[in-house]
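Colleague: Sequence:
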Amino acid sequence: MAAARARDPQPAWNADSSAAISTIKLEAALKKVSRQASQYEHQMKDLELKLAESLSNFRAIDSLLQEAFTGLRRNAQRADYALNKQVSHITGELDSSMDSLTQLAEDLPTIQSQVADIRAVYDSGRKKAQNLVADLTWLNTEFYERWRLIIFTPSSPVSWRWKALMRLLFAVSFVGFVWLAWITVWGGYRAHRGGLVWGERLMS
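Note that the UniProt record's numbering has the sequence shown beginning at 1, numbered continuously upward.
Keep in mind that the hints were calculated from the coordinates and are not lab data.
Do not take every clue at face value.
[What the hints assert, rightly or not] Computed list of lysine-lysine pairs in BS3-like fashion (alpha-carbon distance at most 30 angstroms, straight line):
{"#": "1", "residue 1": "45", "residue 2": "32"}
{"#": "2", "residue 1": "32", "residue 2": "50"}
{"#": "3", "residue 1": "163", "residue 2": "128"}
{"#": "4", "residue 1": "45", "residue 2": "31"}
{"#": "5", "residue 1": "163", "residue 2": "127"}
{"#": "6", "residue 1": "50", "residue 2": "31"}
Throw the hints in and build the complete structure from the sequences for me.
Modeller: So, in structure tokens, the structure goes:
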């Protein structure tokens, strides 16, 4: 048997060679696994950073959502309060205003008639005051001025009969004055033509 082993040394070399090959493969596999583990570690760190950033963003979004939800709830409470309290109050005020408007619409004709009566009384009093002032002014006017206003103007505060009488008297007086003046002038002219001297005739 020893002679057989001495004759054939090849199997021992083969065993050592296969062991060396197995060690090399194992080392290569370990290096490959180590590289993959390192890559996985880097990927996990990147994923952890992304998760941390996403978590921070999620917290910010959650905070914003909480604030928005709080605002919505507050607005909903205000809307409920306005709906339950203010709307009923406004409805009551509108009903009261409608009642007041209806009452005013019913009272408006009476108020208009009262205003018309007050205006008529005011206008009548104003006209009476104006007439009284005009009468007092007429009474304080001198006789000659009143006589001139009656005859020559239509604005004198006297009746048309009195105006007609005064104008007739003025016309008669004016005609008589003109007639006397004409007679005087005509007599003087005739005396002048007849050669009569007024002074001598008067002396004789």
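Colleague: Now tell me if each hint is right for this structure.
Modeller: How the hints compare with the structure:
1. 45 <-> 32: holds (20 angstroms)
2. 32 <-> 50: The hint holds at about 27 angstroms.
3. 163 <-> 128: holds (23 angstroms)
4. 45 <-> 31: holds (21 angstroms)
5. 163 <-> 127: Satisfied, since the Cα-Cα distance of roughly 23 angstroms is no more than 30 angstroms.
6. 50 <-> 31: holds (28 angstroms)
Checked against the numbered hints listed earlier, the structure breaks none of them; every hint is satisfied.
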